[in-house]
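Chemist: Chain residues, written in single-letter form:
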Amino acid sequence: MKNSTLTLGNVLPADLKSKYADVLDVTMEEAIQIAKLSMPPSSKLSAIQVNEIEKIYKTYLAKHDDSSDSAYWNKSAADNTAYWSKTK
Amino acid sequence: MNIVNRNFQVETATISSLLKDFYVPELEGLIGIKCFTKIAKFTHRFPENLSPFFGYEIQLGNKNNQADFLFCISDPVEFRNYVDSEKSGFTGNSFDTETINGLDNFSEYWNAACAQSENQINNIWFEFDYNEIEKERPKACFFFGPKLNVNQLEVLLLTERVFGEIFDKNVGANTLKKLLEIVQALEKGTFISQIGMMNSRNDENLRLFIQGKKENWIKPFLQKLNYAHINNPEFITILEACNQIAENVDLDIDISTKLGDNIGLECYFNTAEKALSFLDYLEKNKLAISEKCTLLKNYIVCLAPDKTKSYQAFFSHFKIVFKPGLGFNSKAYFGYTTTRLAPELIRTRPFKSD
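Line order of the protein sequences matches chains A and B. Quick note: the numbering used here has the first sequence finishing at residue 88, numbered continuously throughout. Quick note: the numbering used here has the second sequence finishing at residue 442, numbered continuously throughout.
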């Protein structure tokens, strides 16, 4: 897939931009590598900046867990099977 | 799965052969033979194993007997095999050349991500408008379903890359910023199930399908997003009716740097009886024409599960699209899914049981 030039500064809302002004030029790709994969940051980033990137990443953790994926509709697969199998 | 043709030759079963098996007389009024023949010809290049879930979209507000065709792919290996066969020219071309090159790169990425247990995509959907199916190299609308446990920043990056790769479209940073705002505005239990681009309509906005498990969640959510037409009385009336009759109402929105004006309400029902009562509502309120309603009712009534078959025909849902200043469009979706997945995917219980 193509490389991205998207930066944190491109997408963060105003309040987080002012809070984390020192890391706005960091690309999203690098931010994710640092925060998710614990990859070493580029040399220009300080320990404080790395810490800020990790905080930003945590702010945007998914609100759902894996188990949510199994139910396409609003019932679990088991519930749906039971419902659908009921006789009229 | 393979099938034996009249000359006793073994052929790979295709989506086309399944559609033909299921083209019952009750469907002919909704999808005319001319339209069906074109869809059957077009889908001949898609092997049955490629899609566990596919079907039609029909308009309820006009008399035409045409349908768009949609299909879902959830297995990246099957998709990779299909793209390989497309590239070799074995199946004939289903997509324009630029798109097939993009799909090649995308399918390689999807496969590799799965192999490394880093898959962030549940499934993908293609939608072909009927006027595209008629063309030699049809353009597709494309959607992907991000897994629900993916970090929201990663969803942005994924969105930028998927559409950049497949359609060579640059999803702007401000559009992605809007996407992040919307994801942040979602309450627990509400999630984006699909992110799409209506490429064949030359529309570079993102279309978001948002599923909500709570009742009456759409109005407060749109208020939170400062939707410009939230106080439109006609819209509110329709939204309330959807909430009242349907067991589940999901939301479609379009975004660019701002939230689009058009809103889609996807209405799901637990029983065929409920679906038909909603159809009555659409007809009574002139959101659907009587002829189409009668035809669709006849089709829904004839649906019956048959566990001896490998696929099941089913009614999926209705969608009402609100276009401020232009009114409403209503559509119906029905299709086919594997018998194995049927209990999980079929929401509307048919009248008949096997």
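Please keep in mind that the hints were generated in silico from the structure rather than gathered at the bench. Keep in mind the model is a prediction, meaning the values are calculated, not measured. Note that CB positions come from ideal geometry on N, CA and C, so glycine has one too. It is possible that part of the hints are untrue.
[Stated by the list, open to error] Computed Cβ-Cβ distance ranges for the label pairs, DEER-style:
| hint | chain 1 | residue 1 | chain 2 | residue 2 | range |
| --- | --- | --- | --- | --- | --- |
| 1 | B | Thr185 | A | Lys17 | 50 to 60 Å |
| 2 | A | Ser46 | B | Leu429 | 49 to 59 Å |
| 3 | A | Lys2 | B | Gln204 | 33 to 43 Å |
[What the hints assert, rightly or not] Non-contacting residues of chain B with respect to chain A, defined by C-beta distances greater than 10 Å in every case (computed):
| hint | residue |
| --- | --- |
| 4 | Lys129 |
| 5 | Lys175 |
| 6 | Ile221 |
| 7 | Arg249 |
| 8 | Glu253 |
| 9 | Leu264 |
| 10 | Glu269 |
| 11 | Leu274 |
| 12 | Glu328 |
| 13 | Ile377 |
| 14 | Ser378 |
| 15 | Lys385 |
[To be verified] Partial list, derived from the structure: chain B residues whose beta carbon lies under 8 Å from chain A:
| hint | residue |
| --- | --- |
| 16 | Asp192 |
| 17 | Asn193 |
| 18 | Tyr197 |
| 19 | Glu242 |
| 20 | Gly252 |
| 21 | Lys257 |
| 22 | Leu268 |
| 23 | Ile270 |
| 24 | Met286 |
| 25 | Ala329 |
| 26 | Ile333 |
Chemist: Against this structure, judge whether each hint is valid.
Modeler: For each hint, the structure was consulted:
1. Thr185/B with Lys17/A: 50 to 60 Å: 41 Å, violated
2. Ser46/A with Leu429/B: 49 to 59 Å: 51 Å, holds
3. Lys2/A with Gln204/B: 33 to 43 Å: The hint (33 to 43 Å, Cβ to Cβ) is violated, given that Lys2/A and Gln204/B are roughly 19 Å apart.
4. Lys129: For Lys129/B, whose nearest Cβ neighbour in chain A is about 30 Å away, the distance exceeds 10 Å, so it holds.
5. Lys175: 18 Å, holds
6. Ile221: 26 Å, holds
7. Arg249: 4 Å, violated
8. Glu253: 5 Å, violated
9. Leu264: About 5 Å separates Leu264/B from the closest Cβ of chain A, which leaves it inside 10 Å; violated.
10. Glu269: 7 Å, violated
11. Leu274: 7 Å, violated
12. Glu328: The assertion about Glu328/B holds, with a minimum of 20 Å to chain A.
13. Ile377: 29 Å, holds
14. Ser378: 28 Å, holds
15. Lys385: At about 18 Å from chain A, Lys385/B clears the 10 Å cut-off, so the statement holds.
16. Asp192: At 12 Å from the nearest chain A Cβ, Asp192/B fails the 8 Å test, so the hint is violated.
17. Asn193: 7 Å, holds
18. Tyr197: At about 5 Å, which falls below the 8 Å cut-off, the nearest Cβ of chain A leaves the hint on Tyr197/B intact, so it holds.
19. Glu242: Cβ of Glu242/B sits 6 Å from chain A, so the hint holds.
20. Gly252: 5 Å, holds
21. Lys257: Check failed: Cβ of Lys257/B comes no nearer than 11 Å to chain A, outside 8 Å.
22. Leu268: 5 Å, holds
23. Ile270: With Cβ-Cβ at 12 Å, over 8 Å, it is violated.
24. Met286: Cβ of Met286/B sits 21 Å from chain A, so the hint is violated.
25. Ala329: Hint on Ala329/B: violated, closest Cβ of chain A at ~19 Å, above 8 Å.
26. Ile333: 16 Å, violated
Hints 1, 3, 7, 8, 9, 10, 11, 16, 21, 23, 24, 25 and 26 from the list above are not met by this structure, while the remaining hints are.
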